[in-house]
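There are 2 protein chains.
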Amino acid sequence: MATDKVQDLINQNVAYAKADYTPPPLNFSLLRTLPRGAMTVIISCFDPRAIPEQYFGLKPGQQIPPVIRVAGGRAKDTLKSLLIAEYAFGLGDVVIVHHTDCGMTHMTDAGVKQFFKEQCPHKAAELDAMHFDEIVDGDLKKSVEADVEFLKGSGYFSKELRVTGMIFDLDTGRVQRIN
Amino acid sequence: MATDKVQDLINQNVAYAKADYTPPPLNFSLLRTLPRGAMTVIISCFDPRAIPEQYFGLKPGQQIPPVIRVAGGRAKDTLKSLLIAEYAFGLGDVVIVHHTDCGMTHMTDAGVKQFFKEQCPHKAAELDAMHFDEIVDGDLKKSVEADVEFLKGSGYFSKELRVTGMIFDLDTGRVQRIN
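For the record, the sequence lines run as chains A and B. Each residue of the first sequence is one higher than the one before, counting from 1 in the numbering used here. Each residue of the second sequence is one higher than the one before, counting from 1 in the numbering used here.
Treat the hints with caution; some may be incorrect.
Straight-line C-alpha distance at most 27 Å; calculated DSS-like pairs for lysine-lysine [claimed, not checked]:
1. Lys152/A x Lys141/A
2. Lys159/B x Lys141/A
3. Lys80/A x Lys18/B
4. Lys5/A x Lys59/A
5. Lys76/B x Lys152/B
6. Lys113/A x Lys80/A
7. Lys152/A x Lys141/B
8. Lys152/B x Lys142/B
9. Lys76/B x Lys141/B
10. Lys141/B x Lys152/B
11. Lys76/B x Lys113/A
12. Lys123/B x Lys5/A
13. Lys152/B x Lys117/A
14. Lys142/B x Lys80/B
15. Lys5/A x Lys59/B
16. Lys152/B x Lys123/B
17. Lys141/B x Lys123/B
18. Lys59/B x Lys152/A
19. Lys113/B x Lys113/A
20. Lys59/A x Lys5/B
21. Lys5/B x Lys80/A
22. Lys80/A x Lys117/B
23. Lys80/A x Lys123/A
Calculated directly from the structure, the hints in this document are not laboratory data.
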């Protein structure tokens, strides 16, 4: 049974499909015939205060890059999605964006694990095998640099892959390039 | 060295920040004082043909849910982000959306692994420990149902958590609720 919030989403979708929708020009098989190694992928946080299509001014109708969004925009948690993009299309650029006041600057791996071990003790071993990739001391420059290095050093991508790190500032709406 | 595509993103961000930007009203610490268990999180694919803020008609300025985006919108790959949201805010609803013509319907776990084992043989063991969560036979109803069941049965969330599965149809722009 859908709650009101979910029904609201569905109702808004009905209005969107009626008013604004144009089907995409290319299907997946046709997209795969485009030259390889030219795809840009953006990695960002799932925080709704930092939506890449908004802060990069990407409008419906223009060519919009794929956007992977996970807690903190931490690159390790995006690896499988990036491998799928590399396999299907070949990556040219990866842009990693972390943002100010990110939840991952306000919590620790240990704190998250302790919470769930209390809530569901039978999951302790599974939790210990995870790593919640906190941003230590709120140092976004360091976390972005670490994630750029992680992708460059992952061993999966060609040396031609460009990985650019940025910080999005919630106060100003501006991104700052780190490398 | 940023490429033109990355510089274009930065230039568009400058224009966005100048023209349209309003800082969010609440910081993370204030958001955490809101009643727990009321957060809706959307899970969707990173495909730019299926952007949740667009197909759910979510406009800047209105309350927009966090959106986790990974290949296929497969729930297993979103678990850590969901745990972080549960820890920080408490989840009320999770909405899982898979979409027609998804890349994950056009590839297999075995195919992705074979590709990378040829490209980088030294990663074979690491690849074998991954699972690329293909959507078998393009059966989106089955993949959505499997992901709803995965979250409901994960053991991390309360029985009150509502998990709703949907399919987004690229041809029509419409979502269809599965459960």
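To see whether the hints hold, each was checked on the structure:
1. Lys152/A x Lys141/A: 16 Å, holds
2. Lys159/B x Lys141/A: 39 Å, violated
3. Lys80/A x Lys18/B: 35 Å, violated
4. Lys5/A x Lys59/A: Roughly 26 Å between the alpha carbons, so the hint for Lys5/A and Lys59/A holds.
5. Lys76/B x Lys152/B: Roughly 12 Å separates the two Cα atoms, so the pair holds.
6. Lys113/A x Lys80/A: The hint holds at about 23 Å.
7. Lys152/A x Lys141/B: Status violated; Cα separation ~37 Å.
8. Lys152/B x Lys142/B: Holds, at about 15 Å.
9. Lys76/B x Lys141/B: Holds, because 16 Å separates the two Cα atoms, which is no more than 27 Å.
10. Lys141/B x Lys152/B: 16 Å, holds
11. Lys76/B x Lys113/A: Satisfied, since the Cα-Cα distance of roughly 18 Å is no more than 27 Å.
12. Lys123/B x Lys5/A: Answer violated: Lys123/B to Lys5/A is near 44 Å, above 27 Å.
13. Lys152/B x Lys117/A: 18 Å, holds
14. Lys142/B x Lys80/B: 23 Å, holds
15. Lys5/A x Lys59/B: It holds: about 15 Å lies between the C-alpha atoms, which stays within 27 Å.
16. Lys152/B x Lys123/B: Violated, because 33 Å separates the two Cα atoms, which is more than 27 Å.
17. Lys141/B x Lys123/B: 33 Å, violated
18. Lys59/B x Lys152/A: 36 Å, violated
19. Lys113/B x Lys113/A: 31 Å, violated
20. Lys59/A x Lys5/B: 15 Å, holds
21. Lys5/B x Lys80/A: Since the Cα atoms of Lys5/B and Lys80/A sit roughly 23 Å apart, the hinted pair holds (cutoff 27 Å).
22. Lys80/A x Lys117/B: 14 Å, holds
23. Lys80/A x Lys123/A: 24 Å, holds
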